[in-house]
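Student: Sequences listed follow chains Y and X, in order. Going by this note's numbering, the first sequence opens with residue 267, and the numbers climb by one from there. Going by this note's numbering, the second sequence opens with residue 5, and the numbers climb by one from there.
By construction, these hints were calculated from the structure, which means they are not laboratory data. Note that the Cβ used here is the ideal one computed from N, Cα and C, for glycine as well. Errors might be hidden in some of the hints.
Said to hold, decoys possible - Take a look, some chain X residues computed to stay more than 12 Å from chain Y by CB distance:
1. G11
2. Q12
3. A16
4. V20
5. V21
6. G23
7. L26
8. A27
9. Q29
10. T32
11. G96
12. Q198
13. Q209
14. D210
15. L225
As the list claims (entries may be wrong) - Some chain X residues judged to face chain Y by a derived CB distance under 10 Å, without partners named:
16. C19
17. I24
18. M25
19. T33
20. K80
21. E81
22. F82
23. I85
24. M87
25. P180
Stated by the list, open to error - Okay, the calculated bits of chain Y under chain X, using three or more residues with CB under 8 Å as the criterion:
26. 274-284
27. 288-297
28. 301-310
29. 341-353
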Amino acid sequence: MLLPIAGLIIGLFIGVVFPITVPVEYAKFMSVALLASLDSVFGGLRAGSEEKFDNTVFITGFFTNALLAAGLVYIGERLGIDLYYVAMLAFGLRIFQNLAIIRRYFLKK
Amino acid sequence: MLPIKQGQLAIAMVCVVLGIMLAVQFRTTQDIKSSIPYQRVEDLSQRLSQTEKERDALINQVQELKRTSGAEAASKEFERIKMGAGVIAVEGPGITVTIDDSKRPSKPGENPNLYLIHDDDILKVINELWAAGAEAMSINEQRLIASSEIRCAGPTLSVNNSRYSPPYEVRAIGDPTTLENALKMRGGVIETLQFWGIQVSIKTQDVVKVPAYKGAFRFELAKPVQEGGR
């Protein structure tokens, strides 16, 4: 459990130290990608707790989720449909589901 | 508590990416907040208050100068000329007319301009009031003098080169009942305006204050004629 937290702190540190900025037009994409990665982390933790973690599935899942979400936002913007919310809702729901499963796992003795 | 054993490294890697994204997103959101529209509003309101302060100081200065220079010229004739020119504030019985845009929504296909106040509407009101014997008049704190213009300036009204948006308040000193009747005449100005839903309210008052003309007189071409000179 320590390693992911350490990774998160390192990531935050890198983000704060290096002056990386995203143009305002792409802020939406960024937020969806952020949610996708958050979802992946929770999914990974859940799989780890259920002892059926697979590295390939995890990594590919991370990238496809992020890319699909960004693609949805892009297409939505072109078509004038807020597909943005679809991605948000899907990821949000999954995060809560995964969190519930992880919680049960930790509460189990 | 059971520790999670599998996939620690991969999750840690993704966590690094997640951390970077979080930091960047945080910074971007802050950038948006401190971006142009927000800054511009603050900047403009600051400039407005500064200009208002400056204006008040200058008005005070003008009054101070007028007081010190007007001591020797207290003759009645001089006072009358000043009143006529509109450089001093006057008060007396009169009416206050408030005119505002129509609240009625324009029907589709109809020209929405019909429901707005235009310069000629105000001009008609002013003209009627002068004709009914008004002695002094002002629109929204701007004294009407001989060279005052009343003109549409986009969606606003330009009076004495100052711009005002609705509602417009016209104050006139004169016999209150005469002035009121002149406006409320059958088929008169008010009736026409009210047909389009423009809101007009007339208040007769015992004391109406009409402010002084705050601008300066500039004559670049006109010169006084020497009487009996030729």
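Student: For each hint given before, does the structure comply? Return the numbers of the non-compliant ones in rising order.
Tutor: Failing hints, ascending: 1, 2, 3, 4, 5, 6, 7, 8, 9, 10, 20, 21, 22, 23, 24, 25 and 29.
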